[in-house]
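Here the protein sequences line up with chains C and F, keeping their order. For what it's worth, numbering that gives the first Met the number 0 labels the leading residue of the first sequence as 0, then goes sequentially. For what it's worth, numbering that gives the first Met the number 0 labels the leading residue of the second sequence as 0, then goes sequentially.
No wet-lab data here; the hints were simulated from the structure. Please note that the accuracy of each hint is not assured.
[What the hints assert, rightly or not] Only part of the chain C face toward chain F is listed, based on derived beta-carbon distances under 10 Å:
id, residue
1, G9
2, P10
3, M12
4, G14
5, P15
6, T20
7, A21
8, Y53
9, H56
10, G57
11, E74
12, I76
13, K77
14, S123
15, G125
[Unchecked claim] Restricting the straight-line Cα-Cα distance to at most 25 Å, the calculated cross-link-like pairs of lysine-lysine (DSS-like) are:
id, chain 1, residue 1, chain 2, residue 2
16, C, K177, F, K155
17, C, K2, F, K28
18, F, K256, C, K2
19, F, K155, C, K2
20, C, K144, F, K155
21, C, K2, C, K144
22, C, K153, C, K216
23, F, K283, C, K54
24, C, K133, C, K2
25, C, K54, C, K77
26, F, K61, C, K54
27, C, K111, C, K144
28, F, K283, C, K77
29, C, K216, C, K177
30, C, K84, C, K54
31, F, K28, C, K144
32, C, K153, C, K204
33, F, K28, C, K177
34, C, K133, C, K216
35, C, K2, F, K12
36, C, K77, F, K61
37, C, K144, C, K106
38, C, K216, C, K144
39, C, K133, F, K155
40, C, K77, C, K39
All values reported here derive from a predicted model rather than from experimental measurement. The beta-carbon is built from N, C-alpha and C at its ideal position, and this holds for glycine as well.
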Amino acid sequence: MQKSIFDILGPIMIGPSSSHTAGAEKIGRVARAIADGSLKKAIFYLHGSFANTYKGHGTDKALVAGILDMEADDERIKESLTLAKSMGISVEFVETDLGDVHPNTVKIVIVKTDDTEVSVIGSSIGGGGIVITKINDDEIEYDGKYPLLIIKHKDIHGVISSITGVVADYGINIATLKVGRQARGELASTVIETDAIVPENAIEKISQLNGINSVRKINAIGGHHV
Amino acid sequence: MYRNASELLEATKNLDCNIWEVVLENEIKISDRTASAIRGQMLETFSVMQNSAAFAQESDIKSISGLIGGDAKKVNEYRKNNKTICGDSVNIAISRALSSSEVNASMGRIVAAPTAGSCGILPAAIITAGEQIAASDEQLVNALLTASGIGQIIAKNATLSGAEGGCQAECGSASAMAAAALVEMYGGSPDAAFHAAAIAISNILGLVCDPVAGLVEVPCANRNAMGVVNAMLCADMALAGVTSIIPFDEMIEAMYKVGRQMPVAFKETALGGIAATPTALRLKTEIFHK
Ligand code: SF4
Numbered sequence: 000m001q002k003s004i005f006d007i008l009g010p011i012m013i014g015p016s017s018s019h020t021a022g023a024e025k026i027g028r029v030a031r032a033i034a035d036g037s038l039k040k041a042i043f044y045l046h047g048s049f050a051n052t053y054k055g056h057g058t059d060k061a062l063v064a065g066i067l068d069m070e071a072d073d074e075r076i077k078e079s080l081t082l083a084k085s086m087g088i089s090v091e092f093v094e095t096d097l098g099d100v101h102p103n104t105v106k107i108v109i110v111k112t113d114d115t116e117v118s119v120i121g122s123s124i125g126g127g128g129i130v131i132t133k134i135n136d137d138e139i140e141y142d143g144k145y146p147l148l149i150i151k152h153k154d155i156h157g158v159i160s161s162i163t164g165v166v167a168d169y170g171i172n173i174a175t176l177k178v179g180r181q182a183r184g185e186l187a188s189t190v191i192e193t194d195a196i197v198p199e200n201a202i203e204k205i206s207q208l209n210g211i212n213s214v215r216k217i218n219a220i221g222g223h224h225v
Numbered sequence: 000m001y002r003n004a005s006e007l008l009e010a011t012k013n014l015d016c017n018i019w020e021v022v023l024e025n026e027i028k029i030s031d032r033t034a035s036a037i038r039g040q041m042l043e044t045f046s047v048m049q050n051s052a053a054f055a056q057e058s059d060i061k062s063i064s065g066l067i068g069g070d071a072k073k074v075n076e077y078r079k080n081n082k083t084i085c086g087d088s089v090n091i092a093i094s095r096a097l098s099s100s101e102v103n104a105s106m107g108r109i110v111a112a113p114t115a116g117s118c119g120i121l122p123a124a125i126i127t128a129g130e131q132i133a134a135s136d137e138q139l140v141n142a143l144l145t146a147s148g149i150g151q152i153i154a155k156n157a158t159l160s161g162a163e164g165g166c167q168a169e170c171g172s173a174s175a176m177a178a179a180a181l182v183e184m185y186g187g188s189p190d191a192a193f194h195a196a197a198i199a200i201s202n203i204l205g206l207v208c209d210p211v212a213g214l215v216e217v218p219c220a221n222r223n224a225m226g227v228v229n230a231m232l233c234a235d236m237a238l239a240g241v242t243s244i245i246p247f248d249e250m251i252e253a254m255y256k257v258g259r260q261m262p263v264a265f266k267e268t269a270l271g272g273i274a275a276t277p278t279a280l281r282l283k284t285e286i287f288h289k
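Okay, chain F solo, but in the shape it has when bound (with noise of 0.2 Å):
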């Protein structure tokens, strides 16, 4: 059992080995269950999440209330016919994110990694990576692994929510799991997956929750395709040597108290942000009484 990072780094280095397996052994400990029925049952949870990831991409989508829907077929389209400015790789990895996002707000099934709302990175980040390296399922599976691992540590000393946190603790932390993950799909050390992780929540550090009219579609679903992203670069970051100068413990407990420090408003209320904005309040209006 691991309560932190430092922890569970210990933990890789006592057994040599990566952060999945000390996952892996942890919840076999913890539920009781033999590895093949854990990743049976994590093999499942990826199925719904190349759904969610692709089901948009292609198909035309309307959220519930119609803000949203159709974006993540408009990036897998311009990705495909045209020269991009960020590449073919980032582009395919935010077509992704929002389609996820886009089947969450239009009712559709997804998996929560670590919340709905930022449901789309973590599944954007290892799909995309790992038909970059042609990964097995087993691999896949170890990515899922390690991701979780980052999630239960954010949990355990801080939070997964943004009414608790803000957007920082949502997709925050959802680009931290997706971002370590992605250093140990590449062969990177535990060290190196906690550093990218580390980056991530410090790009992200104080971003509110401001969902416009209370829905989780706008700014989420764009959200999403910023944290893909910004796991991304910072596990390319990270796999090239780049280090956290704070360690990652600290900076989940930075992440937390910015958390407790911002406003109510700020915190899913929908009483701040964009979400206050006359275009925004102009849009719930309508939305509520049409």
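For reference, chain C alone in the conformation it holds in the complex (with noise of 0.2 Å):
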């Protein structure tokens, strides 16, 4: 799909630099939205030039403000760090290397407050674009424009057609369906992307569907202002 002339002529956003700073900013809330819950630690695994000039260009303070849900233009950025200790949430930075990846990639692990973890690997593309590669072992493309939904399910007839059918008798348009498998018969996944955020009674129906193994849900952070 073409890109939006505001992600052209945009981020509005605090400086000093839309790939570490902005985009990095995104990847943490995008991060927040699928962790979903409150936070105790955010551990943060930096590659590439996110390692070597992290400090120089905020990322460390944008990815923080990331993850306590600011937006890009919020002044407050500059001391998010501070603000993270004083929600008594810790904050750790690693350099790495993560391997075959964009050079402005990090991966993020988040621990809640009730101890489950989350990880999640995004790349700052360039004029503050995203994409997030990787949630847990789920290798998975998004950018946290539209609602998501990540369904693990057996590979059985008619799954998908049932899992569709409940999203739109809530009366939600699908923007994009991704299934795969690992093999013919064994576990699959349906990833969706909507146009409106899915209803919690809606995910528990999906949930109850034959076949069935997990769902995720994650809210949008939105596009066209960020």
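Build the complex from these two chains, which are given one at a time in their own frames, with help from the hints.
In structure tokens, the structure reads:
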């Protein structure tokens, strides 16, 4: 799909770097949305240019501002490290090599107050644009603009149409749909981007469908103003 | 929808219109918003640009590291009180481009256009030209639409990121976007706009990204000054009828390839170019260990 003109002339942001500051903030914010709950700790594994130059660009402040759910033009980004501390959220930065990935890539491990962990890998691909490439062990390609459902299910006949049926019953339009499986009849995954947020009771219904193992819902952070 | 310059140009010929009209129509389609909503948001975007381009012309400002700040004001004072070499409009544009860059480096509010590092070029070009022709808000928004269309094509077929393509991809793209916008503002044809954009890229082709201490400060602010002047001269050349021998689509493909072939030391890692000079290394130590 073509980029919006506001992806080209935008974001409206706090400097100094669209890839190191605004993009980093967005990855942090999507990671926060994926973790979906209150945070205790975040560890940032920085790769490539992120590792080499993060201090100078304020990438560390931007990432933390992201997990605190600040927007890219929030003037408090400068003070995000202090803010996190005062909220009792501990943060740590580790320079690392994540392999053959985009030069501006970070792996964020979030520990929630219930001690569960979520790991997210994201790249800042320029001009403030981002792509999330991995959530825990699942490979994915997600930019945070649309709400997302990641559904793990058995590879059995009719399961995908029953999932999309539930989504349609709630009057929600599907933007994109991707299906993948390990092998025939094995575990499969269906990833759905929707135009609107799928309500909790719809998620509940999907979880109860025959053959469903798990449903993960990610609320979008939006695309036009960030 | 247009995937490249030749498709966009064909659309302008079929509809007998300017680049900005095709860009606006396309945006209406892909975003499912009205023309007036899009224009409204673009005008808001422009007001952030105006503030960043004006702020450091008059106010004292320092970047986070202290490396830059105050140059926009110096140029503004200089051009007010002296007979300049390049003339007033070029010097005002330089001062505006420096201003946005300095605001950005001090963690102030800017519009990435297309990136934060290159945020001074397009506002300086459009505000300065807009003043000269007493442009209406509508004309200014049209110019931003034209610039966005050029940016969309570069994003689709190459890259806008210094980390991926060097400074040619950031300041080069911004300069090309600005050049095309200026041509249409001054009544030039879509063909002329793309010639200006292609020449703008070719003039900056190969420029490395080598920020001192890894900060978007040196040489970034000065490159914004260069980028706006490059846009102005390319626009004037294209309006005079000068054409680019290499078409825009091939030019950005060349730019992309140069970026791919560029060693990683020249792609925002601060490991090469002027970032690796003895002075830069000394400054880096000073900045991070003070
Ligand atoms: S040198 Fe690098 S950081 Fe500075 S403006 Fe150019 S591309 Fe951006």
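Hint by hint, here is what the structure shows:
Checking G9 of chain C against chain F by beta carbon gives a least distance of about 6 Å; that is within 10 Å, so the hint holds. Hint status for P10 of chain C relative to chain F: holds, with the closest Cβ pair at about 6 Å, below 10 Å. For M12 of chain C, the interface hint holds, since its Cβ comes within 10 Å of a Cβ in chain F; the closest pair sits about 6 Å apart. For G14 of chain C, the suggested interface contact is upheld, since its CB lies about 3 Å from the closest CB of chain F, less than 10 Å.
Against a cut-off of 10 Å between C-beta atoms, the interface hint on P15 of chain C holds, since the closest Cβ of chain F lies about 4 Å away. Interface hint at T20 of chain C: satisfied, since its Cβ lies 7 Å from the closest Cβ of chain F, which is below the 10 Å cut-off. At a threshold of 10 Å, the smallest CB-CB gap from A21 of chain C to chain F is about 6 Å, leaving the interface hint in force. At a threshold of 10 Å, the smallest CB-CB gap from Y53 of chain C to chain F is about 8 Å, leaving the interface hint in force.
For H56 of chain C, the interface hint holds, the least distance from its beta-carbon to any beta-carbon of chain F being 7 Å, beneath 10 Å. Annotation: G57 of chain C was flagged as interfacial toward chain F, and the flag holds, the nearest CB pair being 7 Å apart, inside 10 Å. Taking 10 Å as the C-beta contact cut-off toward chain F, the hint placing E74 of chain C at the interface holds, the least distance being around 7 Å. For I76 of chain C, the shortest C-beta to C-beta distance to chain F is roughly 7 Å, which falls under 10 Å, so the interface hint holds.
Contact between K77 of chain C and chain F, as hinted, is supported at the beta carbon level, the nearest pair being about 5 Å apart and thus within 10 Å. Checking S123 of chain C against chain F by beta carbon gives a least distance of about 8 Å; that is within 10 Å, so the hint holds. The closest approach between the C-beta of G125 of chain C and any C-beta of chain F is roughly 3 Å, which is under the 10 Å cut-off, so the hint is satisfied. With a C-alpha separation of about 22 Å, the suggested pair K177 of chain C and K155 of chain F falls inside the 25 Å cut-off, and the hint holds.
For the hint linking K2 of chain C to K28 of chain F, the alpha-carbon distance of about 12 Å falls within 25 Å, and the restraint holds. The straight-line distance between the Cα atoms of K256 of chain F and K2 of chain C is roughly 21 Å, inside the 25 Å bound, and the hint therefore holds. Between the alpha carbons of K155 of chain F and K2 of chain C the distance comes to roughly 8 Å, so the proposed pair stays at or under 25 Å and holds. As the CA atoms of K144 of chain C and K155 of chain F are separated by approximately 18 Å, the hinted pair is consistent with the 25 Å bound.
For the given pair, K2 of chain C sits about 12 Å from K144 of chain C by alpha-carbon distance, which is consistent with the 25 Å threshold. Restraint check for K153 of chain C and K216 of chain C: the C-alpha separation of about 18 Å stays at or below 25 Å, so the hint holds. For the hint linking K283 of chain F to K54 of chain C, the alpha-carbon distance of about 11 Å falls within 25 Å, and the restraint holds. At most 25 Å may separate the alpha-carbon atoms for a hinted pair to count; K133 of chain C and K2 of chain C meet this at roughly 22 Å.
A C-alpha spacing of about 12 Å is found between K54 of chain C and K77 of chain C, which places the hinted pair at or below 25 Å, so the restraint holds. Simply put, K61 of chain F and K54 of chain C have alpha-carbon atoms about 18 Å apart, close enough for the 25 Å limit, and the pair holds. For the hint pairing K111 of chain C with K144 of chain C, the CA-to-CA distance comes to about 24 Å; that is within 25 Å, so the pair holds. Of the pairs offered as hints, the one joining K283 of chain F and K77 of chain C holds, with about 20 Å between alpha carbons and a cut-off of 25 Å not exceeded.
Taking the CA atoms of K216 of chain C and K177 of chain C, the gap is about 15 Å. The hint holds against a cut of 25 Å. Under the criterion of a C-alpha separation no larger than 25 Å, the hint pairing K84 of chain C with K54 of chain C is consistent with the structure, at around 18 Å. Distance restraint check for K28 of chain F and K144 of chain C: the Cα-Cα separation of roughly 17 Å lies within the 25 Å cut-off, and the hinted pair is therefore satisfied. Simply put, K153 of chain C and K204 of chain C have alpha-carbon atoms about 16 Å apart, close enough for the 25 Å limit, and the pair holds.
For the hint pairing K28 of chain F with K177 of chain C, the CA-to-CA distance comes to about 23 Å; that is within 25 Å, so the pair holds. Between K133 of chain C and K216 of chain C the CA atoms are separated by roughly 15 Å; this keeps the pair inside 25 Å, and the hint holds. This hinted pair checks out: K2 of chain C and K12 of chain F have alpha carbons roughly 23 Å apart, not beyond 25 Å. Only pairs whose Cα atoms come within 25 Å are accepted, and K77 of chain C paired with K61 of chain F is accepted, the gap being roughly 15 Å.
For the hint linking K144 of chain C to K106 of chain C, the alpha-carbon distance of about 20 Å falls within 25 Å, and the restraint holds. Taking the CA atoms of K216 of chain C and K144 of chain C, the gap is about 14 Å. The hint holds against a cut of 25 Å. With a CA separation close to 23 Å, the supplied pair K133 of chain C and K155 of chain F stays within the 25 Å bound. The hinted pair formed by K77 of chain C and K39 of chain C meets the criterion: a straight-line CA distance of about 21 Å does not exceed 25 Å.
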